[in-house]
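K.L.:
The lines below spell out each chain.
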Amino acid sequence: MAILVIAEHDNANVQASTLNTVTAAAELSGHGAGDIVLLVAGSECAAAAEAAAKVAGVSKVLVADDAAQENALAENLASLVVGLAGDYSHILAPASTFGKNFLPRVAALLDVQQISEISAVVDGETFVRPIYAGNAMATVKSADPTKVITVRTTTFDPAPAEGGSGAVEPVDAGDDGGQSRFVERAESGGDRPELTTARVIISGGRGMGSGESFDLIEPIADKLGAAMGASRAAVDAGYVPNDWQVGQTGKVVAPELYVAIGISGAIQHLAGMKDSKVIVAINKDEEAPIFQVADYGLVADLFQALPELDAELAKILS
Amino acid sequence: MKVLVPVKRVIDYNVKIRVKADNTGVETANVKMSMNPFDEISVEEAIRMKEAGTVEEIIVVSMGVQQCQETIRTALAMGADRGIHVKSDEDLEPLAVAKLLKAIVDKESPELVILGKQAIDDDSNQTGQMLAALLGWSQGTFVSKIELGDGSAKVTREVDSGLETIEVDLPTIVTVDLRLNEPRYASLPNIMKAKKKPIDEVAPADLGIDTAPRLQTLKVEEPPVRQAGVMVDSVAALVDKLKNEARVI
Ligand SMILES: Cc1cc2nc3c(=O)[nH]c(=O)nc-3n(C[C@H](O)[C@H](O)[C@H](O)COP(=O)(O)OP(=O)(O)OC[C@H]3O[C@@H](n4cnc5c(N)ncnc54)[C@H](O)[C@@H]3O)c2cc1C
Ligand SMILES: Nc1ncnc2c1ncn2[C@@H]1O[C@H](COP(=O)(O)O)[C@@H](O)[C@H]1O
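Residue numbers (this note's numbering), protein chains in the order written: chain A, 1 to 318; chain B, 1 to 249.
The set of hints was computed from the structure by calculation and includes no laboratory data.
What you are looking at is a predicted structure, and each value in this text was computed from that prediction instead of being measured.
It cannot be assumed that every hint is accurate.
What the hints assert, rightly or not - Some chain A residues close to chain B (C-beta under 10 Å, calculated; not the full set):
{"id": "1", "residue": "Glu117"}
{"id": "2", "residue": "Gln248"}
{"id": "3", "residue": "Ile267"}
{"id": "4", "residue": "Lys274"}
{"id": "5", "residue": "Glu308"}
All C-beta atoms in this analysis are idealised placements derived from N, C-alpha and C, irrespective of residue type, glycine included.
Could you put together the complete structure from these sequences and hints?
P.N.:
What follows is the structure, given as structure tokens:
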């Protein structure tokens, strides 16, 4: 039987998280599961469906184009997916707030125990997933007939966005159950790269002391083309928006370079960034636990170090 | 209205967990246990609703071993009214917990169930959504603000791109994120008072629910450890390392 991947998209393009999830699906195909089918549920989402059809390895794209699917409301999306589920051995979505919101509903309606946030595929029914904020890795085997899975995007490379030639097929989007209604979205946005896909991330913690001092990070982030992140303490203190939070209960990231400024390195923060390729920590406390995972550590006052770092980068990058 | 708040007993978030030598799980003997931090936030929110006069009764439920009653007592000391302990010595998966909660909802008819967005032991992030599906109710997940209205509620959700506000019909399921509120500590008099509040004990079988696990844990291992790095003594040295050794800038 085929594999159904629920695409995360903005009606025009498919999100990178979808490409990582397709790679996890491709690994399942390698273990004997069938073709990969993408579901694009949205409103006026023909462009996203076309983009989905080009993703390498995708055999078919189902498009549910209807106002009822416009805002990925969990009730409507779950009932759509449950209606399609009979044809599939595996149903996958990225472990983003998009996937985490609706997929457990699908699992419950199918009477299946979902496998959350897999970080590796062992075979068609066996998966590795982090538990306890990534301080342990559990290998679990599912006895359910359909496997319902969210995928930790940082541990699967993105599938090539070009090269596929899937057939696009419309499907009935289902009714608007009307139990919940979209009101508004406040995106903190900006023109920086997205945290989850950035090659470089610079994060600030409570040590920054205020929202204004994140201005010291900005020119450095500009020079490195970096996304900006934060610890929970910095978000809770109101220095920066919630979607900057990296960690067990925020975003999980794995960039080439992660720079932690004024962050102590609590396990809940490490859970979100310790798979980064190179980690740099700048902290005035030489005992800070962040230094235990840092490839390069600098004991310094950040208010002095950040302007210096900006100046040094200006030298080598000019 | 009546509110139901499920609270899970987990290893305290400050404990550095250890994987058992035989790779069957995580060491729990002689380890400090606490209420799942998200569930403290749920309890706090329910109490604030009661203080505001919109909620009459707060029922807390915990499922698992005998000591879950301590977790229930903590919630009662914070200000919840009564407890239900679903006693089981087996590990209960989110689907089983959701089914047991549905059976309790069918009996108690709350108009609102507030859960944590995730338990910090299994990191599943499933139970609330599953319960909503089994009941056929609306849901608001990862919530940092709740405004109860007449027949509906407006909730603000923390999503990857920022904040999203939706309106959900009552009865509903809410799962809470960290920034909803700051939970209170129980005062000594309230801890004493909580000792007299009732806790009902039931077994999964009494509720007619099969809790047999669907996932078999084959092994639990330590994650790969990072090699210790080096300390540099200046910003210039750091930049040099990043450029010429790590080659990431
Ligand atoms: C259920 C739960 C979930 C959580 N989830 C997350 C999560 O997803 N992400 C997360 O990050 N946290 C999370 N936390 C919180 C976590 O436990 C820590 O409290 C938090 O990460 C601490 O943030 P911090 O390192 O910025 O602050 P602190 O621990 O206060 O560290 C500040 C650091 O800044 C340094 N500093 C201060 N001034 C300067 C200066 N002038 N120059 C240089 N250094 C300086 C200090 O030496 C210190 O090391 C969670 C906690 C719980 C209970
Ligand atoms: N054994 C349990 N007893 C009571 N509540 C639970 C239990 N397991 C999960 N929950 C609730 O479900 C939430 C999410 O848990 P999970 O889906 O396991 O991440 C928790 O924050 C609790 O509110």
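K.L.:
None of the hints should be skipped; say for each whether it holds.
P.N.:
The hints, checked one at a time:
1. A least Cβ separation of about 7 Å between glutamate 117(A) and chain B falls short of the 10 Å threshold, and the interface hint therefore holds.
2. The beta carbon of glutamine 248(A) comes within 7 Å of a beta carbon in chain B, closer than 10 Å, and the hint placing it at the interface holds.
3. Annotation: isoleucine 267(A) was flagged as interfacial toward chain B, and the flag holds, the nearest CB pair being 7 Å apart, inside 10 Å.
4. Restraint check, lysine 274(A) versus chain B: the minimum CB separation of about 7 Å is within 10 Å; hint holds.
5. Satisfaction of the interface hint for glutamate 308(A) is found here, the shortest Cβ-Cβ separation to chain B being roughly 4 Å, below the 10 Å cut-off.
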